[in-house]
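Join these two chains into a complex; the hints should help.
Quick note, the sequences are listed as chains A and B, same order.
Count the first sequence with the working numbering and you get residues 1 to 336, in order.
Count the second sequence with the working numbering and you get residues 1 to 323, in order.
A couple of the hints might just be wrong.
Claimed, not checked - In silico contact screen, one side only, chain A against chain B (beta carbon under 7 Å); selected entries:
#1 179
#2 241
#3 260
#4 263
#5 284
To be verified - Derived, one-sided and incomplete: chain B residues facing chain A with beta-carbon distance under 10 Å:
#6 10
#7 29
#8 297
To be verified - Listed next, with one range per pair, are the computed distances between beta-carbon atoms:
#9 A:294 <-> B:15: 29 to 35 Å
#10 B:10 <-> A:249: 31 to 37 Å
#11 A:218 <-> B:296: 46 to 52 Å
#12 A:294 <-> B:5: 45 to 51 Å
#13 B:10 <-> A:46: 44 to 50 Å
#14 A:257 <-> B:75: 32 to 38 Å
#15 B:312 <-> A:46: 35 to 41 Å
Since the hints were derived computationally from the structure, they do not count as laboratory data.
Note that this is a predicted model, so its numbers are computed, not measured.
Using N, Cα and C, we set each Cβ at its ideal position, and we do this for glycine too.
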Amino acid sequence: MKNAVIAALALVLGASSAAHADQVIVLNSEEASYSILSRGLRMETQRLPLGREPHHLIQTPDGKELLIASTVTNELVSLDTRTGERKRTIRGIIDAYQLGFSPDGKWFVTAAYRLDHVDIYRYDGSFRLAGRIFIDGMPSHMAFDSESRTVFVTLQQSAKVVAFDLETQLIKWNAEVGKAPAGAVMLPDGKRLLVALTGEDSIVTVDPKDGSVIGRLRTGRGAHNFWPKGDGRHWFLSNRVEGTVSLIDTQDMQVVATVRIPGGPDCMDITPDGKELWVTQRFLRRIAIVDLATMKVVGSIPVGKSPHGVFILKAPALTPPLSPFLRAASNEPDPK
Amino acid sequence: MRPAIDLWVGVQAWLFETFVSPVLFSLNLMEWFEPAFNAVEFFMLGVVQILVILLVMRLLERRWGIEHGDERLVGVDRVYTLLNKLGIVPLFVFVLAYPITNQIEHLVRVLGFTPPRLERLVPGLHDSAFLSFLVYFALYDLAAYWVHRAQHRFAWWWALHSLHHSQRRVTVWTDDRNHVIDDLLVNLVLAVFAQFVGVQPDDFVLILMVGRLIESWSHANVDMSFGRLGERLLVGPRFHRLHHARADAAQPHIHDHNFAPVLPVWDMLFGTARFDDVQRPTGVDDPRIDADNGRGWFGQQVVVFKRFVAALMPRGSWVTQRR
Numbered sequence: 001m002k003n004a005v006i007a008a009l010a011l012v013l014g015a016s017s018a019a020h021a022d023q024v025i026v027l028n029s030e031e032a033s034y035s036i037l038s039r040g041l042r043m044e045t046q047r048l049p050l051g052r053e054p055h056h057l058i059q060t061p062d063g064k065e066l067l068i069a070s071t072v073t074n075e076l077v078s079l080d081t082r083t084g085e086r087k088r089t090i091r092g093i094i095d096a097y098q099l100g101f102s103p104d105g106k107w108f109v110t111a112a113y114r115l116d117h118v119d120i121y122r123y124d125g126s127f128r129l130a131g132r133i134f135i136d137g138m139p140s141h142m143a144f145d146s147e148s149r150t151v152f153v154t155l156q157q158s159a160k161v162v163a164f165d166l167e168t169q170l171i172k173w174n175a176e177v178g179k180a181p182a183g184a185v186m187l188p189d190g191k192r193l194l195v196a197l198t199g200e201d202s203i204v205t206v207d208p209k210d211g212s213v214i215g216r217l218r219t220g221r222g223a224h225n226f227w228p229k230g231d232g233r234h235w236f237l238s239n240r241v242e243g244t245v246s247l248i249d250t251q252d253m254q255v256v257a258t259v260r261i262p263g264g265p266d267c268m269d270i271t272p273d274g275k276e277l278w279v280t281q282r283f284l285r286r287i288a289i290v291d292l293a294t295m296k297v298v299g300s301i302p303v304g305k306s307p308h309g310v311f312i313l314k315a316p317a318l319t320p321p322l323s324p325f326l327r328a329a330s331n332e333p334d335p336k
Numbered sequence: 001m002r003p004a005i006d007l008w009v010g011v012q013a014w015l016f017e018t019f020v021s022p023v024l025f026s027l028n029l030m031e032w033f034e035p036a037f038n039a040v041e042f043f044m045l046g047v048v049q050i051l052v053i054l055l056v057m058r059l060l061e062r063r064w065g066i067e068h069g070d071e072r073l074v075g076v077d078r079v080y081t082l083l084n085k086l087g088i089v090p091l092f093v094f095v096l097a098y099p100i101t102n103q104i105e106h107l108v109r110v111l112g113f114t115p116p117r118l119e120r121l122v123p124g125l126h127d128s129a130f131l132s133f134l135v136y137f138a139l140y141d142l143a144a145y146w147v148h149r150a151q152h153r154f155a156w157w158w159a160l161h162s163l164h165h166s167q168r169r170v171t172v173w174t175d176d177r178n179h180v181i182d183d184l185l186v187n188l189v190l191a192v193f194a195q196f197v198g199v200q201p202d203d204f205v206l207i208l209m210v211g212r213l214i215e216s217w218s219h220a221n222v223d224m225s226f227g228r229l230g231e232r233l234l235v236g237p238r239f240h241r242l243h244h245a246r247a248d249a250a251q252p253h254i255h256d257h258n259f260a261p262v263l264p265v266w267d268m269l270f271g272t273a274r275f276d277d278v279q280r281p282t283g284v285d286d287p288r289i290d291a292d293n294g295r296g297w298f299g300q301q302v303v304v305f306k307r308f309v310a311a312l313m314p315r316g317s318w319v320t321q322r323r
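Next comes chain B alone, as it looks inside the complex (with noise of 0.2 Å):
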């Protein structure tokens, strides 16, 4: 394992070294450096992230792929997922949302609040580094899952969440195509529940890396799952594709299942699962949403924040059906 860690961060080191730290120092932004440092470890998961994606995920899809059509339609997922693991998004976000965050953990602070860590509630939670990581893991993914539901539920937070519906040929790259609002937003709330839990920073980075990849292989475009108790275990492409599906006069709300991003247990104890091997036609039956797909990443950033502005207005111009 420590040959691993050695080589990990040999790498994020040099990388650091020779192309960040000199940066950050000729900028005079030295109180950025080990921000800037953990950057890189998230831009080098990026990579990996990608590699599994290429060398794994879209072997399977070619060999087991289930809707085919329009090739360019899945163009610009690439360029979502290329914009998201390679950091250049969540830096974006991170520089939005870090002062808010860090105000928020200020207030909290000063009022005398310290943020609780599990492992001092739970005994012999910290003597095993897996299962601290599974509950870091699992309340993580709980918050994830009302964050989706909120998505869904609020006609603001749909009229930026829907882009990533749009899309009518979902696969592995269909994961990071969200508009930068949206991100910002799931960050944020994400950001602030970790803090408030504990979640090590260390934990954090593995949670996103791993939550991540299995979210990825959810929107694979293959008619797979992991078995009737698997499935229930663990988010796959059948599961998911469910959530994705198109709606129709005969089942108007099939939207409202499946919401979470990698533990169906949520779904389960809150009453949105729905398991079964149907397999049904992926997009959003609103032609105003249908024609993202028209739309390269620029252009779907444009008319999806007009259509974001407009669902915040009293009697807003853009109304549609929640999802």
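One chain only, chain A, in its complex shape (with noise of 0.2 Å):
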């Protein structure tokens, strides 16, 4: 009975424009669907299929598309970000395992992961190919500086970070951070790229001139991947072996809470009034709901096997004109 009143309320909000904003979109990377979840119901309301292992997904410039990279199937799926709809297929795009838009959004940027190649793309709503970069060491991340010139990429698998220039194509630095570097982001100073050593248990301060590493914070074994609070101050960071999310103050360089996230806690996003973080937990085939005034965890959801990214949909007008990262990047006010 419980199963079918809940069921009939995922109908009337499904059919309503406002169910749309309550949406949240989790990749389930080994079983080629996606799921959709309602945030006010707590539960799974659709499952979708999809290309083979879709691992991320981005928000375009014009925050109209959510583009979701199949990397098996070399494609983008596009779903409208007010409707959840789909909007069209791109295909062609090798092994898109990582994704992202410079903050001027002219650029477009996939990092190969088991194909070893960094594609650069002028966008413009279409994708084309300005130049397609191989490099061993499984590239894995990727961050930008403010001025659209410079995409920093991680190699995983060569404890590197490699900085393009996106114009040129051509590398401008390629050094040694630590183990198994991964998620990457540039700080609104730009003056600090922070990188999260999967291999370690720690991030990295990066120059983003020369690659040098200038800092080091301890935060968890298998520091992993980054997600701005969207106060460009905080940024939360997922240590996937240790089992915990860390909340880093970025001004002072120190961690500020922790709260532990069981099943290797990988991608990350808030909701729009900024009480919630949602992390998938890759392990356990859930997404958790992490209450940010307590910093504890409040909620998990079951979805498919193997959840990775998740994006959760914002109502129409609170759709931001860029996605957090680019926002925290170019220091646009949160408009949350």
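Here's what the structure looks like:
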């Protein structure tokens, strides 16, 4: 009976446009599908097919589309960020494991984790390949400088970060930073690039000019992926081996809070009201909900196998013109 | 269903986070983080399969066993089963096969070919997980049928596969009695096939689990079938024991029947099916192959490797009638 009521509620909510703002998209990377979750009901309402191994997703610079990359199927599936409906499929984007738009929205970059190359596209709504750079070492995550001139790509297998000039697609520098570098984020001051070391228990601060390591902060074993809190100062970091998420104050460079999230926590997103952080638990086939006021896990929703990327749809009026990463990099105030 | 999934992945995550993840972390092997987590599931499935063999299949064998004799012959097959089902041989095979299958996949994808997904070609397939599983399972079984035919067709492959057939006391443990190079070759072919038809990792695990359990049962030392219709739908002990029957002058090609691992339809389609209820002794009528029975796991691996090398030689010293 309870399930029937919940299902009916989901149907009613699903019919209204407000419901779309309530939706959360989670990519089930090992079962070629994505789950649609209701934030209000805290349950999965639908599971839809995708190409094989969907890992990450990103909002387009105009905020209108959500691009989901299926790595093995070499394609991007675009969803309408207001309605959640499919808009188009862009084929021939090879092994797009990680995705990023430059802050000016003119460059789209993919990291081919398994096929060892970085692709740089000129973006104007369509994708024109400007350069493909083959580079050993499992290109993993990326960050951009605020001028949209450089993309920094971590190489998880080779302990390095590589800086590419977007216009020329040439390597600016290539530097060792520590074991298994993964998540990367450029801080708003433009002078510090944070890199999470999944093979260690720390993040390092890297000088974006030459790749030299200028600082280190211990967070937890398997430091992996960042997500901005939205105030330009604090960032969340998932520690996959430790099974925790750290909240980092990037001004004082210290961990100000830690929450235990079992099951290999990975990608994150924050609700539009800034009250909750949603974290994929890869191994447990769930997504955890963290209450940010208390920094405690208040829920965990079952999804598909190996949930990886997560994205919380925003209400139309709240849909930011830039993704939170780009907003943080460009110092734009958070509409939340 | 969800409580069962939670229990399963809970145990898997606990095993991984307690025993595997710290080792990967300390050895700086974090790029294997996800594959290693899946390997833990493979290990757990192996434990489940062994329990099913022990608690169900062995009981039936004890009650209705048809071949009796030297129990020591069976001992080595138990070693094979443990090494295979608990992931030791598969780990070795994976380490060797992964770079090859990966390279093939890379090459194909760089050339612009993307593996299709049947769900896109067949409307409605995605809506039924069970139907989707059945289709992939059947395709996988068809590929395995032809691999099995090749194991008997080529002298060099028969040199390896003959180890599987040399057992004179075929039991539920015999399914895993294979040379590691034979395991490697079979897995290579089937893994590449699975990639090309778009089998999802989740389906692949289930296909292996269900398939290997049925194959263990088809080797059981009992004269049982699933009935006149059932034995045409699913391979059972009676059907598969004919494939293991020892050839003699009257029936020198008795092995060349009933190759299908799980679905007899492939034998029926390709003219290799034979349904009868005659009980025959099992094994191989070649004394050099039959000598495998006196050896332990390591001895068999060494001798069969030599047999394989000899068969690869242009004028090999090891020539035998193919099976």
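Given residue 263 of chain A as an interface hint, is the shortest Cβ-Cβ distance to chain B below 7 Å? At 5 Å from the nearest chain B Cβ, residue 263 of chain A passes the 7 Å test, so the hint holds.
So, as I understand it, the hint says residue 10 of chain B touches chain A; can you test that by seeing if any CB pair is closer than 10 Å? 7 Å, holds
That 31 to 37 Å hint for residue 10 of chain B and residue 249 of chain A (C-beta), does it hold up? Once the Cβ atoms are compared, 34 Å apart, the range 31 to 37 Å for residue 249 of chain A and residue 10 of chain B holds.
Less than 7 Å between beta-carbons is the criterion; does residue 284 of chain A satisfy it with respect to chain B? 5 Å, holds
Residue 294 of chain A and residue 5 of chain B, beta-carbon distance inside 45 to 51 Å? Distance hint for residue 294 of chain A, residue 5 of chain B is violated at roughly 28 Å.
When the least beta-carbon distance from residue 260 of chain A to chain B is tested against 7 Å, hint result: 12 Å, violated
Is 32 to 38 Å a correct range for the gap between the Cβ atoms of residue 257 of chain A and residue 75 of chain B? 58 Å, violated
Does the beta carbon distance between residue 10 of chain B and residue 46 of chain A stay inside 44 to 50 Å, or does it fall outside? 25 Å, violated
Could you tell me whether the CB distance from residue 312 of chain B to residue 46 of chain A stays inside 35 to 41 Å? 55 Å, violated
Hint status (Cβ of residue 241 of chain A to nearest Cβ of chain B, threshold 7 Å): It holds, given that the least Cβ distance between residue 241 of chain A and chain B is near 5 Å, below 7 Å.
Please check whether residue 297 of chain B passes as an interface residue: C-beta within 10 Å of a C-beta belonging to chain A. Check failed: Cβ of residue 297 of chain B comes no nearer than 34 Å to chain A, outside 10 Å.
Kindly confirm whether 29 to 35 Å is satisfied by the beta carbon distance between residue 294 of chain A and residue 15 of chain B. Given range 29 to 35 Å: holds, Cβ gap about 31 Å.
Of the numbered hints given earlier, the model fails hints 3, 8, 12, 13, 14 and 15; all others are met.
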